[in-house]
Amino acid sequence: MTIRISGGLTPWFGPAAYGQQTRIAVSSCGMLGADVPRLRPALHVTEGSSVAAGDLLITDRKRPEIRIVAPVGGVVSDIVRGARRGVDRLILATGGDAERRFASPDPLDRPGLVALMIEAGIWPCLRTRPFEAVPRPDQNPDALFITAIDTRPLAPDPAAIIAPRAEWFDRGASALQHLSAGRTYLCHAAGASLPTPEGVTAAAFSGAHPAGLVGTHIHRLHPVGAGGQVWHIGYQDVIALGHLLAKGTIWTRRIVGVAGDGIDQPMLVETVPGADLHELTRGRLPATPVRLMSGSPIDGRIGRHLARGDVQVSVLRHAPAPERRGLATRAADWLMRGNGAIVPHALHERAAPPGVLAVPFLRAISVGDVETARRLGALELAEHDLALLGHVDGRGGEYGRMLRQVLDQLEAER
Amino acid sequence: MIGSRLVQILLHPLLRGQLAVLAALLLPFLYRLASEGTAIIGHCTVLGAVALVWQVAFARARGQRFGLEGLAMALLIALLVPAATPIWHLVLGGTFGIVIGLLVFGGHGRNILHPGVVALAFLMFSFPTEGYRAGIALPLWTLAPALLLLVGSGHANWRILPGAVGMVMGLGWLWNQEALVALPADGLFWLVLLVLVADPVASAATNWGRIGYGLLFGLLVALFLGAGPALGALVFATLMAAIFAPLIDQLVVALNAARRARRHG
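One line per chain: the protein sequences are A and B, in this order.
Per numbering that gives the first Met the number 0, residue 0 is the first one in the first sequence, and the count goes up by one each step.
Per numbering that gives the first Met the number 0, residue 0 is the first one in the second sequence, and the count goes up by one each step.
Bound-form chain A, shown alone:
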C-alpha cells in the first residue's frame, strides 16, 4: 500500500547527501527537562553519583511511568535546576562500561512489556494523539504507529539506519504489537524495504514534507479526533526496545545526521543519546558563526545537547548583527518587519498538514479560538505538524506554541 501525499515542500538548508557513518565518542551528555512534556521531576542522583547505563536518574512526581535513566555509564557532573522546581538539564560525564541488566518478560505479554519499558526508561518515547502526551500505561490505544520515514529537511534516511540493526528493529516492532488491541502500523518511505514482523501493517508514503510526519500518517490511516486515541513511536526507539529485549541492556547509541549549510559534508554519526553537540561537531565547523540545533532546521531546538527523540543535528549559518548597519540593510529590515498579522500566501496550503485549512486554522489558533481550532482539526495535530507553516511565515515555532496552548485548553476541558 503506497499513499501519495500531494503538496508539501522541502526548503533548502544545505546539501543532503550523507556519507559513511562515523562514530564519535563524546565525554558528556545531557538529559533535558524539556525532553518529557510537563515533567515534574524527582531526582534520584546527586552531583558526583556514579551511574551505570540504565540506572534511574529522574522520575516524575505524579506519573510513576516516567523514568529517565542514564543512557550510558558515567558520573553525574552537573544538575541545573529550572523554573518551578523543574530540572533544566542533568549532565553526565560519560565513562565506564557499567550496564544495568533488565530481565525480559517470558513469555512476552502486555503487562510484562509495559513494566519493562517503564523500568528501562523507554515508555516516555511513546506519545499519544490527540495531545502528543506521554500515555498512561492503563490506557489502550486504538492503533499504534511506528514512524520509519523522515521527510524533514536534511533528515537522514531511516531505512539506511535500520538496515544494519534490522534484527533489533524487527524484535522491537514485533513486541510493540502487544501494546495495542488494534493495528500496529509501520509507516515507511515508498521503495524502502524494512523488516516487517508478522501482524504489523506496513504503509508506504511518498511525497514531500509533511508526508513523513506521524500526524499525516494518522490522518490517512486511522483518524482520531474527539474520540479515540492512537500512540506513536519513532524508529530509533523501536531499535532501542529491540536491543533491550534481545540483550537485556539498554541501547547506548543513537544515529544522528549532522547537516546544514554550516557544514561541508553531511555526516551520519553514531553517538550516545543526549550527546554534547559541541563535541559532535568539533573540528568540522567553518570559521563563520553557526547555530547548532538539535532537530531539523524547521523544528529543531537551539541548545547544547541532543534532545530525546531527535535524529538529526542542524548546523546553520548564522549572520550576526553587524555593528554598523548600512542604509540598505536598515531599509530592508524596515520592509520585512510586518505587523504580525497572517497574510495568506499560496505556499500556506502546500505547507499545511493534510486536510487542514491553513489560513482559517492559523487565524483561529492565533486568536486563541479554541472551539474553531478544534473543529478545524487541532486534535489531529502537534507542534511538529505546524513547523513547516511556521517556517513559511518566518515565525519559527510560534504556531507550535499557539497550538500547544489550544491543546492544553482542550485537554483541560475533557
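All clues stand as given, with none of them false.
Here's a subset of chain A near chain B, in silico, CB distances under 10 angstroms, partners left out:
| hint | residue |
| --- | --- |
| 1 | Phe12 |
| 2 | Gly224 |
| 3 | Ala345 |
| 4 | Arg349 |
Since the hints were derived computationally from the structure, they do not count as laboratory data.
Remember, it's a predicted structure, so these values are computed and weren't measured experimentally.
No residue lacks a Cβ here, since even glycine has one placed at the ideal position from N, Cα and C.
For chain A, the structure is supplied; the task is to place chain B on it using the hints.
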C-alpha cells in the same frame, strides 16, 4: 513539487511584502506617464503622503508597524483616476481608503477590503459626475509582468483567476454581449483582477473558497457591466465579492468541519 531552492526565494520576507505589488504596477504606471503626462506623479505623491501621514499616526497611537501597503494603494489609485482629478478629491478619497479600509481594522493583514477599492468606491459614490467610473485605457501587455510577478510570488492566488475570466467570458457568450467577451482583453480588467480582487488579504483564504470567490467576482462584473462604465462595474464587483469572501470561507470551513466530524467521530 517546487524545487527546494526556489522555495527559499519565494519565502524571502522581502518578496512576501508589497514589493511584488509595487513592481507589478510599475509598467502600467510608466505607460500612463508616457501617454498622459506627468499629472500621475503628482497624484501619486499626494496619495502617498496622505497614506503615510495616517499610517504614521496610527502606528504611533497603537504601537504597531506598517509596510508599503499605503504606497501600493497610492500608486494604484493614481493609476486609475483621470488626469484632471482635483487634489482635494484625492486627499479625501485616500484618507477614507487608508483609514476606513485598512487602519481601523488593525493594519495590513487584518483588513477585510483592499484600501484601494474602498477609496475608489468612495470617489465614485461621492463624485458621480467626475468620470471616476470610466476608467483608463491600458493595453494588455502592460499587465504581463504583473501576472508573472504576483502569481509567481504566490501573492495573488492563481485559483481566483480562471473562475473570474471564465465566468465573464462564459456569461458574455451566453447573453451574447460583446463587451463582456472582450473584457478579458482589456488591461484594466487584469489590473483590477490581479491587484485588487486577488489581494491575498481581502480575497477568500481557502483553496475552494478562492475558486468560488473568482466565480462570484465574474458573475458580479457581468451583472454590473450592463449598468455602467467598466471601472465602476469592476470596482463595485470587487467590493461586493470581497464582502462575501468571509462568507464563502465560512462555507468551506463548515464543510471541512462537517467532513472531519463524520470521519473522526
